[in-house]
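Asks: Sequence:
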Amino acid sequence: MGTVDAIPEECIVLEISGEFAHFRKPSTTSPAQTFGIPPRTTVAGMLAGMLGMERDSYYELFSRETSSVAVSLESSLRRLSVGINVLTTDGPNTSPTSGRPGKHITGHRQQTVFEVLCDPIYRVYVGLDDETVMDRMEEMFAAGKSVYTLSLGLSEYLATFEFIGRFDVSTHTGRATVRTAVPGEEVDLIPATDARYVTERSPAFMTTHGEGGRKADGSQTLTYDRNGGPIELRETPYAIVDGDPIVFS
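For the sequence shown, our numbering assigns the number 196 to the initial residue and increments by one for each residue that follows.
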């Protein structure tokens, strides 16, 4: 489960929603399955894109030593399988006489079955050691601004966000009913009769690799209720943010 070391002194809270979402599980092929909540690496990429950061430039900002992240599911999960036409664009760059450059199409359209989430709503909690970036997030998100358009996993699954606020965080240990997904291989929860618990292992950290490359630098196991309900824990370090018990990682 979460640790006291993972709890920041303050955090920024956003509520993010969209019609559809797909956070692809890397170990699956067809149909392409999705995580129920965005992995930590996806949350980092979403926030970095909203701030206008370049790809591969923000991994240290969201490292295990310099950041704290928590995600809560605010809606019940509804999954749908859809067919999407995929084009292979592995060829060389095109050089058109007009318009924007693109890629040569190297094959026929291939229909791939994607598992998508319908009408998901998430609440994201993030604390960073970098106060300058925290201040910039607060200023931009409070004004409803985003450099790059926010999406939920795939570029066509556009999303909207609401700035909930910037809050001080208090640290506690004991029995708690937490709002967020709970990190950890073993979760000492008190089962609820109407809950549908899901445990997923997802990417958590990234690092640069070579020139213009990246690689996974760790994963985490998360447990949550797919109905969007809270999880009651027996004995755990947890944080209070705006009156809500949550668990950071």
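Please keep in mind that the hints were generated in silico from the structure rather than gathered at the bench.
Misleading hints may appear alongside valid ones.
Derived lysine-lysine pairs resembling DSBU-like cross-links, with alpha carbons at most 35 Å apart [to be verified]: (1) 220 <-> 410; (2) 220 <-> 340; (3) 340 <-> 410.
Asks: Any hints this thing doesn't respect? Which numbers, in order?
Replies: Violated hints: none at all, because every hint is consistent with the structure.
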